[in-house]
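Whenever a hint applies, use it, and build me the whole structure from the sequences.
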Amino acid sequence: MINSTFISTQIRYEHIPRALFTEEYIAQCAKLFSENYGVWGPDVSAPLKPGERIKMNSNRFKDQYLFDDSCYGVLAVNDSTVIGQAFYTCFTVEDLGLIKWIIQLVVAKDYRHLKVGSTLCSMAAGIEWKGCGLATSHPYAVRALEKACRIKCDPALILKYGNQILTTSPIPYTKTAVLHCSGNHSYIDTHFFVDHCEISPVLEREVALGRWKLGETLQDGYEFFAFVFNFE
Numbered sequence: 002m003i004n005s006t007f008i009s010t011q012i013r014y015e016h017i018p019r020a021l022f023t024e025e026y027i028a029q030c031a032k033l034f035s036e037n038y039g040v041w042g043p044d045v046s047a048p049l050k051p052g053e054r055i056k057m058n059s060n061r062f063k064d065q066y067l068f069d070d071s072c073y074g075v076l077a078v079n080d081s082t083v084i085g086q087a088f089y090t091c092f093t094v095e096d097l098g099l100i101k102w103i104i105q106l107v108v109a110k111d112y113r114h115l116k117v118g119s120t121l122c123s124m125a126a127g128i129e130w131k132g133c134g135l136a137t138s139h140p141y142a143v144r145a146l147e148k149a150c151r152i153k154c155d156p157a158l159i160l161k162y163g164n165q166i167l168t169t170s171p172i173p174y175t176k177t178a179v180l181h182c183s184g185n186h187s188y189i190d191t192h193f194f195v196d197h198c199e200i201s202p203v204l205e206r207e208v209a210l211g212r213w214k215l216g217e218t219l220q221d222g223y224e225f226f227a228f229v230f231n232f233e
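Residue 92 in the numbering used here is what sits at position 91 of the sequence shown, and the numbering runs on without skipping anything.
None of these hints come from the bench; they were simulated from the model.
Each statement offered as a hint is correct.
Label pairs and their in silico Cβ distance ranges:
| hint | residue 1 | residue 2 | range |
| --- | --- | --- | --- |
| 1 | Glu205 | Leu97 | 31 to 41 Å |
| 2 | Arg151 | Leu97 | 12 to 22 Å |
| 3 | Ser81 | Pro202 | 31 to 41 Å |
| 4 | Asp64 | Gly222 | 16 to 26 Å |
| 5 | Gly184 | Thr82 | 41 to 51 Å |
| 6 | Gly211 | Glu53 | 27 to 37 Å |
| 7 | Asn185 | Leu21 | 38 to 48 Å |
| 8 | Lys161 | Glu24 | 40 to 50 Å |
| 9 | Ala209 | Thr93 | 35 to 45 Å |
The calculated lysine-lysine pairs, modelled on PhoX-like cross-linking and capped at a C-alpha distance of 25 Å, are:
| hint | residue 1 | residue 2 |
| --- | --- | --- |
| 10 | Lys148 | Lys161 |
| 11 | Lys176 | Lys131 |
| 12 | Lys148 | Lys214 |
| 13 | Lys116 | Lys148 |
| 14 | Lys50 | Lys63 |
| 15 | Lys32 | Lys56 |
| 16 | Lys153 | Lys214 |
| 17 | Lys214 | Lys131 |
| 18 | Lys50 | Lys32 |
| 19 | Lys161 | Lys176 |
Where a beta carbon is used, it is the ideal one built from N, C-alpha and C, also for glycine.
This is the structure we're talking about:
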């Protein structure tokens, strides 16, 4: 895959394979994550501290999100500054097909609610896939996925295919993650203790509107396991 770029208002979107990522872009992406992703929750282990920003340097960023040549990044760039990013990996699950797993989705605070997240997800998903998803604690990330793919998450389908996706995934942290799925919720225990204070009112609102199917609460250390499927 070669670089592809298009313009949306003043934001430029770039789709970049692992081999073509520059150190400058990796440093910007690590900085964007560290400044915008979230803070540690109350159950985080020392030396990490509750309330501190979750940070990542360039080397760890590459280990987590650009670990092999199945990895790609989609960047939203404004005036040479990365203001949004979606990193994903592609792999094939037997009897299902091509899976695209968005490993990280982050948008700078000043650019949220401008459809940047859904555009990033749309470019990551592309047109050839059978399953596309992410693990996240934030309902807005799930909404961005659903808008991008124009398909709603179905817990019954996630229950059917989730373990196959998880065991086939090349993502480092999934080797120790555990799924907890049923017909009315879809969680993954990643032991990632991000603080839930910001997302709790968002989740309550989504549940109250009757359009949330992945679980009404979220335990510390867990994330929503959100996947959509395309069988057409």
